[in-house]
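Novice: Letter by letter, the chains look like this.
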Amino acid sequence: MQRVGVFVCWCGSNIAGTVDVQAVAEALKSEPGVVFSTDYQYMCSQAGQDMIKTAVKEHNLTGIVVCSCSPRMHEATFRKTAAAAGLNPYMVEIANIREQCSWVHKDMATGTEKAIILGKAAVAKVNLNAPLTPGESPVTKRALVIGGGIAGIQTALDIADAGFEVDIVEKNPTIGGKMAQLDKTFPTLDCAACILTPKMVDVAQNEKIRIFSYSEVTDVKGFVGNFDVTIKKNARYVKEEICTGCGACLEKCPMKKIPNEFNLGMDNRTAIYIPFAQAVPKVATIDPTACTMLKKGKCGICSKVCTAGAIDYTQKDEYIEEKYGAIVVATGFNPISMDKFDEFAYSQSKDVITSLEFERLTNAAGPSAGKLLRPSDGKHPHTIVFVQCVGSRCEACAEKGKEYCSKICCMYTAKHAMLTRDKYPDTEVYVFYIDVRTPGKNFDEFYRRAVEEFGVKYIKGMVGKVTPEGDKLKVQASDLIANKQLHIDADLVVLAAAIEPDKSARPLATMLTASMDTNDFFTEAHPKLRPVESPTAGVFLSGACQGPKDIPETVSQAGAAASKVIGLLAKDKLTGNPCVASSDELMCNGCSSCANVCPYGAITYAEKEFRMPDRTTKVRRVAEVNPAVCQGCGACTVACPSGAMDLKGFANLQIMAEVDAICK
Amino acid sequence: MQVNEYKPLIVAFCCNWCSYAGADLAGNNRLNYPADVKIIRVPCSCRVNPMFILRAFQRGADGVIICGCHPGDCHYTSGNYYARRRMTALFSMLDYLGIERERTRLEWVSAAEGAKFAATMNDFVQQVTALGENKRLEDLRCKK
Amino acid sequence: MQKITGDILIEKASALLSSGTVSCVLGWKKGEFGYDVTPAVFSSVEELERDFVYNDFCGANFSKYLVSKTRKLEGKILVFLKPCDTYSFNQLLSEHRFDREKVYAIGIPCEGMVDISKVKATVGEGISSIDTDGDNLLVSTLYDEEPVAVDFKSVLAERCINCKSKKHVAYDELLGEEGDVIENSRFDEVARIEALTPDERFAFWQNELSRCIRCNACRDACPACTCEKCVFDNPASGVENKSPANSFEEKLFHIIRAYHVAGRCTDCGECSRVCPQNIPLHLLNRKFIKDMNEFYGEYQAGEEVGMRAPLVSYTTEDLEPGEALTRRDTDA
Chain A
129 MQRVGVFVCW CGSNIAGTVD VQAVAEALKS EPGVVFSTDY QYMCSQAGQD MIKTAVKEHN
189 LTGIVVCSCS PRMHEATFRK TAAAAGLNPY MVEIANIREQ CSWVHKDMAT GTEKAIILGK
249 AAVAKVNLNA PLTPGESPVT KRALVIGGGI AGIQTALDIA DAGFEVDIVE KNPTIGGKMA
309 QLDKTFPTLD CAACILTPKM VDVAQNEKIR IFSYSEVTDV KGFVGNFDVT IKKNARYVKE
369 EICTGCGACL EKCPMKKIPN EFNLGMDNRT AIYIPFAQAV PKVATIDPTA CTMLKKGKCG
429 ICSKVCTAGA IDYTQKDEYI EEKYGAIVVA TGFNPISMDK FDEFAYSQSK DVITSLEFER
489 LTNAAGPSAG KLLRPSDGKH PHTIVFVQCV GSRCEACAEK GKEYCSKICC MYTAKHAMLT
549 RDKYPDTEVY VFYIDVRTPG KNFDEFYRRA VEEFGVKYIK GMVGKVTPEG DKLKVQASDL
609 IANKQLHIDA DLVVLAAAIE PDKSARPLAT MLTASMDTND FFTEAHPKLR PVESPTAGVF
669 LSGACQGPKD IPETVSQAGA AASKVIGLLA KDKLTGNPCV ASSDELMCNG CSSCANVCPY
729 GAITYAEKEF RMPDRTTKVR RVAEVNPAVC QGCGACTVAC PSGAMDLKGF ANLQIMAEVD
789 AICK
Chain B
-15 MQVNEYKPLI VAFCCNWCSY AGADLAGNNR LNYPADVKII RVPCSCRVNP MFILRAFQRG
45 ADGVIICGCH PGDCHYTSGN YYARRRMTAL FSMLDYLGIE RERTRLEWVS AAEGAKFAAT
105 MNDFVQQVTA LGENKRLEDL RCKK
Chain C
1334 MQKITGDILI EKASALLSSG TVSCVLGWKK GEFGYDVTPA VFSSVEELER DFVYNDFCGA
1394 NFSKYLVSKT RKLEGKILVF LKPCDTYSFN QLLSEHRFDR EKVYAIGIPC EGMVDISKVK
1454 ATVGEGISSI DTDGDNLLVS TLYDEEPVAV DFKSVLAERC INCKSKKHVA YDELLGEEGD
1514 VIENSRFDEV ARIEALTPDE RFAFWQNELS RCIRCNACRD ACPACTCEKC VFDNPASGVE
1574 NKSPANSFEE KLFHIIRAYH VAGRCTDCGE CSRVCPQNIP LHLLNRKFIK DMNEFYGEYQ
1634 AGEEVGMRAP LVSYTTEDLE PGEALTRRDT DA
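Chains as they are written, first to last, in the numbering used here: chain A, 129 to 792; chain B, -15 to 128; chain C, 1334 to 1665.
Next comes chain A alone, as it looks inside the complex:
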């Protein structure tokens, strides 16, 4: 049996004005377990806290009930008081008789009556409290960043800057991501390569950062502070540490007709390749699907021309196991496939391109060396139609597009249109839009310049159909403001394709037990207050894997994720919330209901041996809660059919006791 002390606070007149505090203290004296009950003007004051400490000693109290303001206000205070008096801090319960009683009721009699009931409920609960100790777990002081685009790069640099080791895993042969493919960036029009490539070099030269390029994460185990990750390094058939990136092999490789992914297939590369000149690591990679030596055992020219001797046709995929304290997901995005949007004739004409393709076409390192030429005949286009929201905000066409706004298209289209008019003033540029959304610093000014200064023709309305006819593209569209149909003979049509999370994100989320929304974007721990953390402790989100984002937003989120990682890695030990779920293995059926509803993946199963009354043993599957991962929501306790799962601090019996006390 507990020895409970009750301390009723007046809170000046805040409580005492509507609640007869002495009557409350008196009434609670006769509750089971209560051995001491008193009232005082300000329980939270030094004098009030001393009063509690003295009472604990004098009356050998094992539990404390404070009838006062909201536990959200002073629960922490009174827990510290209890600890100072030598009690377990979790042996304190608060009856909220201010916010939920004296402040909302006017009549002294009803206020007092309710305060007594709330006090009784708290006494009933504390009678069933048990001392709780937060668990501790060590922290591996190294972070893993998955994805080597601008999000991953910035996160890694910021974490390394704080002195922690970081590994970047990038599935492509080079880091850089989508930003490396861009020409200029809005709204400043500085060149993407000029601001990205120095960061890539910083990454390469940073002693704290390791890059696993052409690699992927294949398994994640463990929990916050203690992740065990398996990384698969795909065989690139080139010894990374020896290759100097001289490019001699590229010149001699006979397989020259492989579509170049970096230029989105608008030109070709060789079977042995370096994606682009500023690649990091600048190391050649052999494409095993194209190399005749790997496919048929014939050729071997690259090996002959490589003076460094870096070519190794026998290389195998390698699996590396590493430990990390934190994981940052920065898997980024891709434009959606245009296959299902044939009304725009994407598959029928080479001159219907996506915005990312347009980006390559205007890039000095692109397939046309930066000259805006039509992919079909290499002629300069005189009329260009940009179509916005292709597959974005597509409620009616959810099966082919996306319901959400891709967010970046309005601005990059304004950029494309403006740059085209700037470089080729003889070109007519039309932009068809649903809305122009420019809610960023200097964004609206930028868009207005495109219209007012550069004369881009913005038309509110959608393009209905694009039909290739001769060397023209017949564009049928509606102008919603003028309320008329338009027919434009265009030379080039550019589609602002919706963006979607990278396909690697979904299996990764499963490995990480991190939750995703229906669009496969990672969900945040809290949409407003914890926007760069995943609900899974120790997993952080950076960049477009969490939702469509432009570069400035990505970089700021990357920095925010890094600071969260640094905050975690700076700790030597993690102290958990002791109010976590735990399963009574003697009662657990091993049915998996709890794991099904756990948003954190905190529950695993183990085959355990049990001794039976008849001295035999039996092996059963039982749930185990990892207290370092559990956040204490209690979803599992209700899902559990056998009642084996319970929540510390909010146990079934405790809540039932509160219900009983209130309903008595």
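Fair warning: there could be bad hints in the mix.
In silico DSSO-like pairs for lysine-lysine, Cα to Cα no more than 30 Å straight-line [said to hold, decoys possible]: (1) Lys410(A) / Lys423(A); (2) Lys100(B) / Lys234(A); (3) Lys1362(C) / Lys746(A); (4) Lys736(A) / Lys1362(C); (5) Lys1409(C) / Lys736(A); (6) Lys(-9)(B) / Lys367(A); (7) Lys1500(C) / Lys746(A); (8) Lys746(A) / Lys1486(C); (9) Lys451(A) / Lys269(A); (10) Lys478(A) / Lys588(A); (11) Lys736(A) / Lys1435(C); (12) Lys100(B) / Lys656(A); (13) Lys746(A) / Lys1402(C); (14) Lys157(A) / Lys181(A); (15) Lys(-9)(B) / Lys157(A); (16) Lys299(A) / Lys444(A); (17) Lys746(A) / Lys1409(C); (18) Lys1402(C) / Lys736(A); (19) Lys1562(C) / Lys746(A); (20) Lys385(A) / Lys499(A); (21) Lys1405(C) / Lys736(A).
Simulated DEER-style distance windows between Cβ atoms [claimed, not checked]: (22) Ala96(B) / Lys157(A): 36 to 44 Å; (23) Val1638(C) / Pro567(A): 47 to 55 Å; (24) Glu1344(C) / Ala258(A): 57 to 65 Å; (25) Met1640(C) / Met740(A): 27 to 35 Å; (26) Lys736(A) / Glu1631(C): 46 to 54 Å.
Looking from chain A toward chain B, a few residues come up when the C-beta cut is under 7 Å (computed) [what the hints assert, rightly or not]: (27) Val232; (28) Met236; (29) Pro635.
Quick caveat, the hints were computed from the structure, so don't treat them as lab data.
None of these values were measured; they are calculated from a predicted model.
Even glycine gets a Cβ: it sits at the ideal position worked out from N, Cα and C.
Given the structure of chain A, go ahead and fit chains B and C onto it with the hints provided.
Specialist: Leaving out everything else, chains B and C in the frame of chain A:
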């Protein structure tokens, strides 16, 4: 003051992060609601076991209300979605047993919605008061 | 009238026992009167030949027994499963309640099982034996000189009149022909009660549940009730009750139990079959099933192994409780 005026007994389960904070805000703003409402704090609406609600009714509660974060805003991301299904199933069952559906309610109240909290409680108390005393779950197995 | 005879099953079981494929057989054992059949484990051909029976009274769903019978088992156990039993079998596998490798499951056809209380209601007490003759049961009693013919269909159990499936969803081997999932009207009675006023509904349930003698037969027969320790026996659950001072469990046992098995109940009907007071307990379980079908889409527990039950999943677009109830009323 009327003597022997019927006062319902209302048990409210409030999640710690949104609705309990919303109740606190109602207090801060001195928004009145009847003292018949007694709040039990739970970490999340998904902690509310239907057994607690059955228990309350069987012990004489006249109405039970569960308050949680708005859908999409759960501190634990998905707890209130589970709570919504569980409560739907339970309330429908209680309705099936002849417990008037006006005695049960699930409401989403954010930490910023002190006014909504008070208004909801006022409304719910009024609704339950109109029904009068709940005896049914106590008498479920007692044939008259 | 069962299309498959006990002799065929004995022959099959004997062969599997003799060949060592299985080490024992879970089957029905004949009782004194022919209709009082009990589940039993047979470990020899002699036992099988002496006691094994398969007739119109073999209602027992064996799935549940596999949880305890496979635990200390060397080798495999042979189990005969009627179509409705196979759903429970899958559900228990979904819940990892027994090791599939330790079971050899034979699916057997079922023509529906007889509710002995209906027979008694027709011919009266004192039944000494029951034989079959075509579509009729020939019931001999202590008081009639000639056996009384009773139409088989007229004495079928409620769950068999409203049979949901003749299809076996799990087996290693199937005897007889495979059937189909059946269009049925098993939710009609639930809908009828839903349409009553709250007062009428309460009166209905009060009348039914007041007959309960708390014998636990429903729990003991229910294939969803396989917990290592039942909440009703567990002091930490808050619903345990062994003392008369706590009336919670006493009053609400069936409601608590129905909620506990909601989403996991396959609607096998064992609860109502074994109830000595003839309380239509399945109407509580069916209510949950009907609601979840209507609110969250059709879901048949045990249809496949590894399905996620409605109460352990969600969508962000789920109905609010009030909306759900109103919609059901308007649809009805």
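Novice: Could you run down the list of hints and mark each one as holding or not?
Specialist: Hint by hint, here is what the structure shows:
1. Note on Lys410(A) and Lys423(A): the hinted pairing holds, with a Cα-Cα distance of about 25 Å set against a maximum of 30 Å.
2. Among the hinted pairs, Lys100(B) with Lys234(A) is consistent with the structure: their alpha-carbon atoms are about 19 Å apart, no more than 30 Å.
3. A distance of roughly 28 Å separates the Cα atoms of Lys1362(C) and Lys746(A); the hinted pair therefore holds under the 30 Å criterion.
4. For a cut-off of 30 Å, the pair hint linking Lys736(A) to Lys1362(C) is broken: about 35 Å separates their Cα positions.
5. For a cut-off of 30 Å, the pair hint linking Lys1409(C) to Lys736(A) stands: about 22 Å separates their Cα positions.
6. Of the pairs offered as hints, the one joining Lys(-9)(B) and Lys367(A) is violated, with about 82 Å between alpha carbons and a cut-off of 30 Å exceeded.
7. Of the supplied pair hints, the one linking Lys1500(C) and Lys746(A) is violated, its CA atoms being roughly 34 Å apart against a limit of 30 Å.
8. Simply put, Lys746(A) and Lys1486(C) have alpha-carbon atoms about 45 Å apart, too far for the 30 Å limit, and the pair is violated.
9. Straight-line distance between C-alpha atoms of Lys451(A) and Lys269(A) comes to about 9 Å, which keeps the hinted pair within the 30 Å bound.
10. Restraint check: the Cα-Cα separation between Lys478(A) and Lys588(A) comes to about 26 Å, which is no more than 30 Å; the hinted pair holds.
11. The straight-line distance between the Cα atoms of Lys736(A) and Lys1435(C) is roughly 18 Å, inside the 30 Å bound, and the hint therefore holds.
12. Proximity of Lys100(B) to Lys656(A) is assessed by CA-CA distance (about 21 Å); at most 30 Å being required, the pair is judged to hold.
13. Proximity of Lys746(A) to Lys1402(C) is assessed by CA-CA distance (about 12 Å); at most 30 Å being required, the pair is judged to hold.
14. At roughly 19 Å between alpha-carbon atoms, Lys157(A) and Lys181(A) fall within 30 Å of each other, so this suggested pair holds.
15. In summary, the hint linking Lys(-9)(B) to Lys157(A) is supported, as the alpha carbons are separated by about 26 Å, within the 30 Å threshold.
16. Using a Cα cut-off of 30 Å, the hinted pair Lys299(A) and Lys444(A) holds, with the two alpha carbons roughly 16 Å apart.
17. At roughly 17 Å between alpha-carbon atoms, Lys746(A) and Lys1409(C) fall within 30 Å of each other, so this suggested pair holds.
18. About 18 Å separates the Cα atoms of Lys1402(C) and Lys736(A), which keeps this hinted pair within 30 Å; it holds.
19. For a cut-off of 30 Å, the pair hint linking Lys1562(C) to Lys746(A) stands: about 15 Å separates their Cα positions.
20. Using a Cα cut-off of 30 Å, the hinted pair Lys385(A) and Lys499(A) holds, with the two alpha carbons roughly 22 Å apart.
21. For the proposed pair Lys1405(C) and Lys736(A), the alpha carbon gap of about 15 Å is at most 30 Å, so the pair holds.
22. A hinted range of 36 to 44 Å for the beta carbons of Ala96(B) and Lys157(A) is consistent with their spacing of about 39 Å.
23. Separation of Val1638(C) from Pro567(A) is about 49 Å and conforms to the stated range, judged on CB atoms against 47 to 55 Å.
24. For the hinted restraint 57 to 65 Å between Glu1344(C) and Ala258(A), the CB-CB distance of approximately 60 Å keeps it satisfied.
25. The given range of 27 to 35 Å is respected by Met1640(C) and Met740(A), whose C-beta atoms sit roughly 32 Å from each other.
26. Look at Lys736(A) against Glu1631(C): about 37 Å separates their beta carbons, and that is not inside 46 to 54 Å.
27. Contact between Val232(A) and chain B, as hinted, is supported at the beta carbon level, the nearest pair being about 5 Å apart and thus within 7 Å.
28. About 11 Å separates the beta-carbon of Met236(A) from the nearest beta-carbon of chain B, more than 7 Å, and the hint is not met.
29. Because the closest C-beta pair between Pro635(A) and chain B is about 20 Å apart, greater than 7 Å, the hint is violated.
Against the hints set out earlier in the document, violations occur for numbers 4, 6, 7, 8, 26, 28, 29.
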